[in-house]
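If you're matching positions, the sequence shown starts at 113 in my numbering and goes up one per residue.
The hints are simulated quantities; they were obtained by calculation from the structure and are not laboratory data. Be aware that one or more of the hints could be misleading.
Computed beta-carbon distance windows for the label pairs [unchecked claim]:
1) Gly442 / Arg508: 29 to 37 Å
2) Asp418 / Leu570: 17 to 25 Å
3) Ser221 / His342: 20 to 28 Å
C-beta atoms are modelled at their ideal positions from N, C-alpha and C, and glycine is treated no differently.
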Amino acid sequence: MRSATTTETGAEERAGRPRLVAGIVAIAFFMQMIDGTIIATSLPAMAADFQTDALSLNVGFTAYLLAMAIFIAPSSWLAERFGARQVFLFATILFTAASLACAAAGALSSFTLARIVQGAAAALMAPVGRQLVLRGAQKHELVRAIAIITWPALIAPVVGPLLGGFITTHVGWRWNFLINLPIGVAGAVLIRLFIPVDEARTARRFDWAGFALSAGALAALVTGLELFSHEGRAGVALSLIAVAMATGTLAIRHMNRSPAPLLDLEVLQVRTFALSALSSGILMRTTINATPFLLPLLLQIGYGLDAIATGSLILVYFLGNLAMKVATTGFLRLLGFRTLLVSNGVLASAFVACLALIGPDTGNLLLWLVLFAAGLTRSMQFTALNTIAFADIEARQRGDAATISAMSQQISQLLSIAGSIAIIRLIYALDLGGPNREAAACALALMAMGAIGIASSLAFLRLPTDAGHEVSGWRARQS
113 MRSATTTETG AEERAGRPRL VAGIVAIAFF MQMIDGTIIA TSLPAMAADF
163 QTDALSLNVG FTAYLLAMAI FIAPSSWLAE RFGARQVFLF ATILFTAASL
213 ACAAAGALSS FTLARIVQGA AAALMAPVGR QLVLRGAQKH ELVRAIAIIT
263 WPALIAPVVG PLLGGFITTH VGWRWNFLIN LPIGVAGAVL IRLFIPVDEA
313 RTARRFDWAG FALSAGALAA LVTGLELFSH EGRAGVALSL IAVAMATGTL
363 AIRHMNRSPA PLLDLEVLQV RTFALSALSS GILMRTTINA TPFLLPLLLQ
413 IGYGLDAIAT GSLILVYFLG NLAMKVATTG FLRLLGFRTL LVSNGVLASA
463 FVACLALIGP DTGNLLLWLV LFAAGLTRSM QFTALNTIAF ADIEARQRGD
513 AATISAMSQQ ISQLLSIAGS IAIIRLIYAL DLGGPNREAA ACALALMAMG
563 AIGIASSLAF LRLPTDAGHE VSGWRARQS
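Let's have the full structure, built from the sequences with the hints guiding it.
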């Protein structure tokens, strides 16, 4: 116990100022996450340049997701072998260079190749970046540090499509990738200047069997979930998901038995991590992530709002996300993780369901209040989930925990879209929509996601009352 504490303290001394490191990591995260959302509105322009159709262009996006799924598992081993700072710097530079290659692509084949490289770099950035933040933050600093690296995940899905539409319309789709260059270069310089080099340790032998099984399971799952967005591919999608579950089971069995596994699954025995990063956490994130996807569909397709009107409403939602950042630490200190995750989770999910009640006759003030409140509670829940996941993780487990957490967040992002589309198609198939079935389908999908979120929030009652108290600063009141 004493040696573990000494090791952790030494790591903190080497890691520099936690909030500064978190800010630098957040810059790289923002570049990665905005890239995934900003180009959604550019598909027609890109397809025209590549002389193909938007459906064929989807191969570039699928390739990105597959590369992420394949290369995310070995990120912890690579950080252990070469040093977390060195791997993060390499990934940032590689992602930036791949962005330039995407912008310069003259054909679909070269664009797809560049997206594969981008996806591989992104797979390293997410878990290794978290590892850098975790190694330098003491428990009482964890809430603020995690809050800083969480804001890109909150902002990118909201502002990305709006920014991408503006850039594509006024300067061309290639600039959606070129804007990554100054961000990436600045991030790389800051990494070199302010994040100390960590000594590479003697890594455990690389687990090729674990890599093949975990990469295969994630690749099949990602492809299966992505295929749900295509008409008439549900059978193939479900088959791939079944393959993913079977392969994933084999991967877990192998890693539990291997003397040197690719990922040490002992971390899953930590209750705060297992609940917040997996199981209930995945379902809660699925609910929260569904809102930026379903809300524009409801407003534009369901009620015929134009892009400017929709964008102005999304901006209110975005402002709610930002406003909560200043209050997160105080609420956690007042309520503690368990009470906050349950109560705020129910509120966040209820506001998602309330968005289903939006209609053409909804007053602006009421609409703005609901959107702002939905943004507030979304931000709080994201930060609380991401923080408590690492509250009880030992220093030696942080790399594996960060990798597993990154995997679960990728899965929840895909689940939010696939689940929303599946619900909408089910409503269409059952002919439940009435005269305006597009609006009704989106509204019912929001209500279903809200119900899932409420159920997953109640599962956090399984946490101890004082869960993560060293991180939140919460103290039980003396009677």
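These are the hints, each one checked on the structure:
no.: 1; hint: Gly442 / Arg508: 29 to 37 Å; result: holds (32 Å)
no.: 2; hint: Asp418 / Leu570: 17 to 25 Å; result: violated (39 Å)
no.: 3; hint: Ser221 / His342: 20 to 28 Å; result: holds (21 Å)
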